[in-house]
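Chain X: place on chain R using the hints.
Residue numbers (this note's numbering), protein chains in the order written: chain R, 1 to 350; chain X, 1 to 124.
Please keep in mind that the hints were generated in silico from the structure rather than gathered at the bench.
What you are looking at is a predicted structure, and each value in this text was computed from that prediction instead of being measured.
Take these hints with a grain of salt, some might be off.
[Unchecked claim] Here are some, though not all, of the chain X residues that point toward chain R, as calculated from beta-carbon distances under 10 angstroms:
1) 34
2) 70
3) 115
[Said to hold, decoys possible] Pair by pair, the computed Cβ-Cβ distance ranges are:
4) X:79 with R:72: 52 to 58 angstroms
5) X:107 with R:154: 32 to 38 angstroms
6) X:27 with R:167: 36 to 42 angstroms
7) X:107 with R:57: 57 to 63 angstroms
All residues carry an ideal CB built from backbone N, CA and C; glycine is no exception.
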Amino acid sequence: MIFFEKVYYQLPEAVILTDKTHSIVSLNRKAEEIFEANLGEARGKKIEDLLQCPQLFSLLEETVVLSRPPQLTYENSTLMLDVNGRKRFFKLSIIPVITFQNELELVITTMAEVTVLKEIEQLKTDFIATASHEFRTPLTSISMGISMMKTGKLGEPTPQMQKILDALEEDCDRLLRLAENLLDLSRLESGAIAMEIEEVDVYRMVEAALGTLRLQAEKRDIELQAHLPENLPRIRADLNKAIWVLTNLVANALRYTKEGGSIKVSVYQKGARLFFSVADTGKGIPREYQERIFQKYVQVKEGKKDAAGGAGLGLAIAKDIVEAHGGEIWVNSEPNKGAVFTFSIPVVRG
Amino acid sequence: MGSERKTILLVEDEKNVILAVKTCLEVAEYKVLIVENGEKALERAKGEKPDAIILDLMLPDVNGFQVCQQLKGMEETKDIPIIVLTAKTGEEDKERAWEAGADSYLTKPIRPEQLWQEIQKFVS
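Pulled out of the complex, with its shape left as it was, chain R reads as follows (with noise of 0.2 angstroms):
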């Protein structure tokens, strides 16, 4: 044991040991120095009177009261500190260790320094972000003129300028999307859109992910159909951003699918959670797409190019969305048989 003692003393990682009550058995060099505090002081110390942290103190209870890890999000993982008057970031994990008995013996925690990290993805945010506004002054005046070309109060355009004109509008529109997009993207990344988690009805949430939706089926003679069962807990979720989740892979579905074609929402439980799916009748997604489909910029490219166009962020900011709220998504499909988009997310407890 003194070995690995030895070991961990020098990991770059703080490392804590604590026991049921929180009390500090073991601590390395890294925690000693955000802890700001030696191990001789430390040890037999509550963990709450060391470090002034209640979200890394909720954590701990967490474990040691169900002895299982805790249920960690990028966001309640990541943890702020003011080590020294500076502020630094680090990435938690939390591990209970545990008898045969059964009995929870020490939970390890390891800290690793994201300072570095967080600094330049705050650069990168305020890069998009200036950036994407950057966009919106000359789009103004692009889409401004178009406009007002197409009312034909400038003098009436001919049938050839009026294609060109609707055209530039379509481009226009699909440049501001992408601006959009990728604000949204950098601020859900770096965490500056806050999850404002509340008690959700499902029932209203797909009703408002639907609701606009169902006439650019029903021009495109495509059938959306909502099958809910009755009596569904309510989840823990943001209710906006659950929407716009959903929303867009209903949407995504309807770009994909060929007229006359059907769309299927389902929504099941299971243990903790609900299920969302989407389900549709289109050419399906090639394997080699299916994992990859969720990062920032992928999109399948099959001959033709796809006519809607995107920038493919879509389902990379609906993946942070989800993992945001603790749940996972995935996709299901077999080339020409349509694809099964879904996602989970933890219901209301109790």
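What follows is chain X alone, placed relative to chain R:
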């Protein structure tokens, strides 16, 4: 058409945006006055008493929030509706504009119909 054309004061410093918004308003039979900074906006508003003001928030001298606040603070101009038209999309900016007394908050880019509709709410 009514006999008297309504006057809109446009406070904006980007010349291409000025051209677009001005054309959009003129097509709808508004008389358009243009100023390119905050100081002139205050002067012109006091002198000409426009029926509404379209205000950008990012101006070269005083920022738009301050212009808004000052216009709403002066007896001669406090009743003129102020429509903010800005590239700032953040909730904090919107909040600040309300606090500064703005009557409406529109984000760029904007469709002509949207702008016409909004102006009609205040100018009839």
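Okay, the hints, checked on the actual structure:
1. With a cut of 10 angstroms, the hint placing residue 34 of chain X at the interface with chain R is violated, because the nearest CB-to-CB distance is about 14 angstroms.
2. Checking residue 70 of chain X against chain R by beta carbon gives a least distance of about 24 angstroms; that is not within 10 angstroms, so the hint is violated.
3. Taking 10 angstroms as the C-beta contact cut-off toward chain R, the hint placing residue 115 of chain X at the interface holds, the least distance being around 8 angstroms.
4. Between residue 79 of chain X and residue 72 of chain R the beta carbon distance is about 55 angstroms. The supplied range of 52 to 58 angstroms therefore holds.
5. Between residue 107 of chain X and residue 154 of chain R the CB atoms are about 25 angstroms apart, so this pair departs from the stated range of 32 to 38 angstroms.
6. Distance hint for residue 27 of chain X and residue 167 of chain R: a CB-CB separation of about 23 angstroms, inconsistent with the stated range 36 to 42 angstroms.
7. About 41 angstroms separates the C-beta atoms of residue 107 of chain X and residue 57 of chain R, a value inconsistent with the hinted range of 57 to 63 angstroms.
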